[in-house]
Each structure stands twice: as C-alpha cells, then as structure tokens.
Amino acid sequence: MPNTHALLRRLLPFSCLLAFSPMIARADITSDSNEAEDDTIKKNQLTEKVKLEGYVRSMFEAENFKDGETFHEARLEVKTKRRRGIRANVELDFRTKNDDIQVNEALLDKKWDSGMRMKIGYDLKRFGLEYEESRLERPTIERSYIYRRLELFNYTGRETVLVVEKEGSNAEFHDWSVTASFSEAQNFSLVGNWQHDFDNGVRYGLWVQGGTHKIQDDVIAVGSIANSIWKRDSQKIFQAELIYGMDPNQTEYESVFDDDERVYFAGLHTLYGHYIFNDGEESLMGQGGLTVVAHDQRKTQYNSLGGFLGVRYDLDTLRIALNAELIGTNSPIDLKKRTYDESTLRLEALFAF
Amino acid sequence: MLSKISLLFALSLPFLSSCKGLRFNEEDSYGLRLVTLDITPEEYGLLNGQLLSKRPAQVEIRVAGEFKVFCSANYAGRSSLDAYRKSYDLNFCEQKYNKRSSYRLSAQFIDKTLARSLIGYEIFKKMGLEVPKAELATAYINRKYQGVYLFMETVDNEFYKSHQISTRELYKAQYGNASFRTDWASRLSEAFDYDGRGEDNFTYLQEIYKLLYNEPQPEVFAQKLDSFFDTESFLSYMAVALSMNHWDGFDNNYYLAFDTDKKKLITTPWDLDRIWEKPNEYTPDNLLIRNEVLARLLKVESYHKNFVQKVAQINAEYPPEKLVELVKTYEAQAKKAYSEDPILSRYQATAYVELEENIVIWDAKVKEYLSRNPL
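Which chain is which? The protein sequence lines are Y and A, in order.
As numbered in numbering that gives the first Met the number 0, residues 0 to 352 make up the first sequence, in order.
As numbered in numbering that gives the first Met the number 0, residues 0 to 374 make up the second sequence, in order.
Keep in mind that the hints were calculated from the coordinates and are not lab data.
Fair warning: there could be bad hints in the mix.
Listed next, the stretches of chain Y that the computed footprint assigns to chain A, with coverage defined by at least 3 CB atoms under 8 angstroms from CB atoms of chain A [unchecked claim]: (1) 95-102; (2) 147-161; (3) 213-223; (4) 265-275.
Using N, Cα and C, we set each Cβ at its ideal position, and we do this for glycine too.
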C-alpha cells in the first residue's frame, strides 16, 4: 500500500501534465456532435490565446560511475499570444525526484517592430553560450563543468531580471543585450552581451558581468567575462569558451580568515561533435570535449581537469543521449584529502512537443 | 536497422542496472556522525541567490550512511546568515530520523569549540528541562569536507511531540526583545515568533504583560502567574542560564510552549553558542535584570530561595573542574575532524583554552553571587 501511494505521488506531476494535454490538441479535431464542436471551438480559442511547448524526459545519473539513480521530468512552457507586442511566459518543471513543481520562468516580454525587446520578471541570468541556449538547443545533457562553477559563484542562475536586447538576423540569437538582475546573494549585477557572425558560419559571443556580492560583514565588487565561439552545421558542431573572473566564495574566505586577497578563476571549455549520419530528421552524433578550470594559481588549489565523451541520437523531437564526464579536482583547502573526483555518467531520453 | 536497435539497447543498459552504494566510509566521519548533502550547482545557486528568504533547495541528505532522503535544505539562523560558515535546516519530507522530519546542521557561528551547546544542554536536562538532542558531526557538501558541525533537533511542535509533550501555543523569544519590558507590550510579534495553530495568538504573553504591569504585589503576581505559567521550569531555565553566563538567553533564545497536560507555559532552551562568553563584561546581577518576569518573581522570597537553591545545586554538581573536563572530552572527541576543519582548525590552539578560562572566571562570579545570597 505505501508503495502504491508512493507510485501515485510520483505519477501526480505527470497527471498534471495530462490535464493540460487537451490544450495542445490540434484544432482539426472534429466530431459529429454539437457538444464536441463547441469543445473544438473552445480549444481553438485557447490555442489562439496561448502556445504550449515543453518536453518530457527520463534521466539516469551515476555520480562517480557507481551510485546511480533514475528520475523523470516534464517541462511545460506557456506563452500567451502577443498583444501590442507584449506576451507572458511561464515555465514549469514537474519532477519525480522530489515530487515537486518548480517555476523556472515567469516573464513579461515586450517586442517592438524595430527588433528591440524587453523582458522583465523571474528568469535565468544568461551569461555565456550554454546559458543563452535552452536545454533543447544544447548539444549535451547538462551544461559543462565550468558553468557549474559559475552557478556556485552566482554569476548565473535564476534571478529577478530586466533584459533589453536587439534581435539578430539569426532567429536563435540576438545581436546584443543588457541585463540588470537582482538576487539576495549578489545584490545587483549587470550583464552585457554582444554577438557577431563571421562569414564562415562561426559565431562569437562576449558576455561581461559586473556586480556586487554579499560576504561576511561586507559587500565586494565582483566581475566575470565569458568569451564563446561556436559553429554548428549538418556535419559537425564546435564550441570553445574562455571564462574568467573573480571567485566570490573563495574571496570571502580570504577576506574573513586570511589575507584579504581577491581570488580569481579562469576556465577553458571545448566541445566537438561529429555527425555519424544526419538526414535532417534522424541523426547520430559522437561528441568529445575538454575542460580546464584554474583557480587561485598561487596555491594550486581547487583546480579541475575534465574530459567529456558523448553520443546523441535524434529522431525528430526524440533524443537519446549518453554523456560521460570525468572530472578531477584538487581540494580548495589544505587538507589530507587533496583531490576528489566529480565524474558523472548520464543517460537521457527526451521527447519535445 | 539492427544497428540502431543495438545502439538503443546499449544506451538503455544503465537504466536497467542502476546500482546503489554509499560513497563515504568510516574514515570520512572522523568518528563523528557523518552528514552529507548533495546539491546540484543550479540548486546551490538558488540557495545562495535567495539567502535571506531561506528558500529551500532540493538536496540529497545522508546521515551516517544509514539514512538517505532526497528532500530539501535551507540556510538557518538569523545573525549567522551573513557568516561564511552557515547553518542548514535539513528537511526529510515524509521520512523520519530519530522520530523527526527535520534536523539542524548547526555551524555554531560564535562558538569555535562547538562544546558549549553540548555542555549547556546537558546541564539544562539535569535540571529537568526538555532539550534538543545534539551531537558532533562531520559535514560534507558535494563531497567537499565542510568541517565539524552540530547535528541537532530544532525546537518546534514536532520536538515536543517526539518528547511526549502535548503542546498548543509555541513562542520563540527573538531579536533580544523578549524581556517583557513595556517597550514590547504592543509589539509582541517583534519579541516573540508565534508557532502555534492558525493565526498569531499572543494571549498568554499578553496575560503575562497584564499581570506584570497591573499587579503591583509580587506575591499576588507570582500566584496568578503560576496558574498558567510553569514558574518551576522558568526558574530552572534562568538558574542554568545564570550559572553559565547565558547572557543571550534572558531576553532571547528561549521557547515558551503551552503544555496542554500541565496547562502551563513551559520553558525550553535554545542556541547556546554564546554561553560563558564575555565573562568580564557581565555579572550575575546585571543578567538578572534582563528579564522582567524573572526580576519580579525574585522579589518573592520563596521564589528567590528556590532560584538560589537551583544555582547552588548547579554550581555544586558542575564545578569548574568538571566543566573543564567536559570541554576536554568534547575536544578529544572532535580533535581529528577539527584539525582538518577548513575554518575551525585555525582556532584549535585558542578556542578551548579561552572557554576553559571563561568558565573559571564566571564560576568565581557565581560563587560571589551565592555568598551574597545565602540559603
């Protein structure tokens, strides 16, 4: 009986998703009865007002390749139709890992004819290529290791944001953007981004962030810069990123307990993916990458070296991917346990709708 | 086609063969309770990004390798929120550890020995008060050693339930305003945090205020107060607080819970990381005037005698030699974990010595108080 209860609780998020499913029903549903026609009209009216997107995915994750668990998620994104250039976006995650629903995004989005756009609300603070892209656009299951450091430093993450951006010729990316954001850890930050397409299909993005960060008994100024260069075509993908800046956490430690020196980090991440076959609808890609994060070089502590191997199969909106990440890090503090590994094996099956 | 099926099968293998194993061994615990938290960087970012609102992050919690739950954790405390070394409230969702669905992983921001609470709660318990279970623990977050912490119960309705006490109203003294001075009579929510059923209900505290300021006769005040306030429990609490210079516990850091069997408010101690701190700054006499209810009760001879008896009993049962011995016991217990603590290790040479010295200094002041107040 408790197992049945637990199973029902796990299924609850998906039942919520199913409850929404009539909304995404196609408008061409027909029926002989008047009642069904009324329903169809209502559905048409609803789909005219809102657009629903999202995905369901199952994940297997084994940290250190020896402790594995499986969990499932569904994401639902609701976008209203623009009126006077304004629309609202809400993005929800339904997760079985802890049977909860999380609000990822709640935004008002205003677009002008000139290509200018403004967004305000709760959203990701987008810093660097992998934060600019959505999960569906990203070639790998999770963001690369360097971005996980940025999340710990609060250079990225979900915050209250005000974004002004100029749309680019490429629908996927903008030309430039300025984001002001607020969080309780960082107080305030400003992120500027500029992107440029080169003739050979290579795109470059520069993100510059400055802000304040609360530390024990003080507030410090922090900053970080991300340079990303990438190319994606039907044969291969390539991206290289160089990210550097101040580590607010270790700087706080130094400020409170040591010599009050600022601590900086720098990370380089590369990813190469080659399509074994790709006919537009169905593809198979092999991936490989390297990550190096250097940190507080004076003491050679908290430095990481990582390798990445992956394979990804796509069939229309179905994606199955296997990623293996090997990461070794030496300790941020001078202890006996100077090294530890943060390696992970991930397998994902994702279906987008 | 066959090759694609083989590929799908190969990719699915890990789903079918998930293995469970604990990553930590005995050595990692340094002989203490091992508490490990695993937080994804994204959730960690959210935890830090919403520091002040104490938003819970999704966390996998393991205790001593025997208890594992995926639930949530949030930063705990008030003044320690700003500290580099933070405390965490661990929530176990529907699972229970020691009959509790939540526990505190406390950094004891002020107390660099982490022994103060352990000794303090032992003395409160000896004097008949309910105290949170607390023990030394080694903490890891995402496999990084965080150092020595206290792993302890929090005081809430579940605490009393697990201690077989049926309660209704629960008030937490806060912000150093719970002195029962007139300043806070109309701002009770700034002096006490209400954790009872439904809307804030400060009726019992308002009754205490009414008695304090409308009843000039100390004897009548005490008699009326005793009808809904467990003065015995309160005096025991205050006697222990005085005995160990718990200066932050007279108008702060205590709980009043309405025991539905006794039909009285009982007192429970909390947050002892400042006991025996600043012994040269305080005296027993200036502590006794920090709480108006205590000051009024001590004007009644029988209550004063009872209080002094309790102080004398504590002083006899816990002489400085015994207290120093207890400090040394906890120091030895935590020694290995402490020496590798990224922060506390730098205080190892001084923290315990300072506590021992403070105990001796304060004991002299308590003895002097007892000599002026003979039984």
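Handout entry: Verdict on chain A covering the segment 213-223 of chain Y, where coverage means 3 or more residues with a C-beta closer than 8 angstroms
Key = holds (count 4)
Exercise for the section: Test coverage of the segment 265-275 of chain Y by chain A using CB-CB distances below 8 angstroms; three residues minimum. Expected result: Violated - the segment 265-275 of chain Y has 0 residues with a Cβ nearer than 8 angstroms to chain A, which falls short of three.
Problem - Coverage of the segment 95-102 of chain Y by chain A, judged on three or more residues with CB within 8 angstroms - result: holds (count 3)
Exercise for the section: Check, residue by residue, whether the segment 147-161 of chain Y contains three or more positions whose beta-carbon lies closer than 8 angstroms to a beta-carbon of chain A, and give the verdict. Expected result: holds (count 9)
The structure does not agree with numbered hint 4 stated previously, though it agrees with all others.
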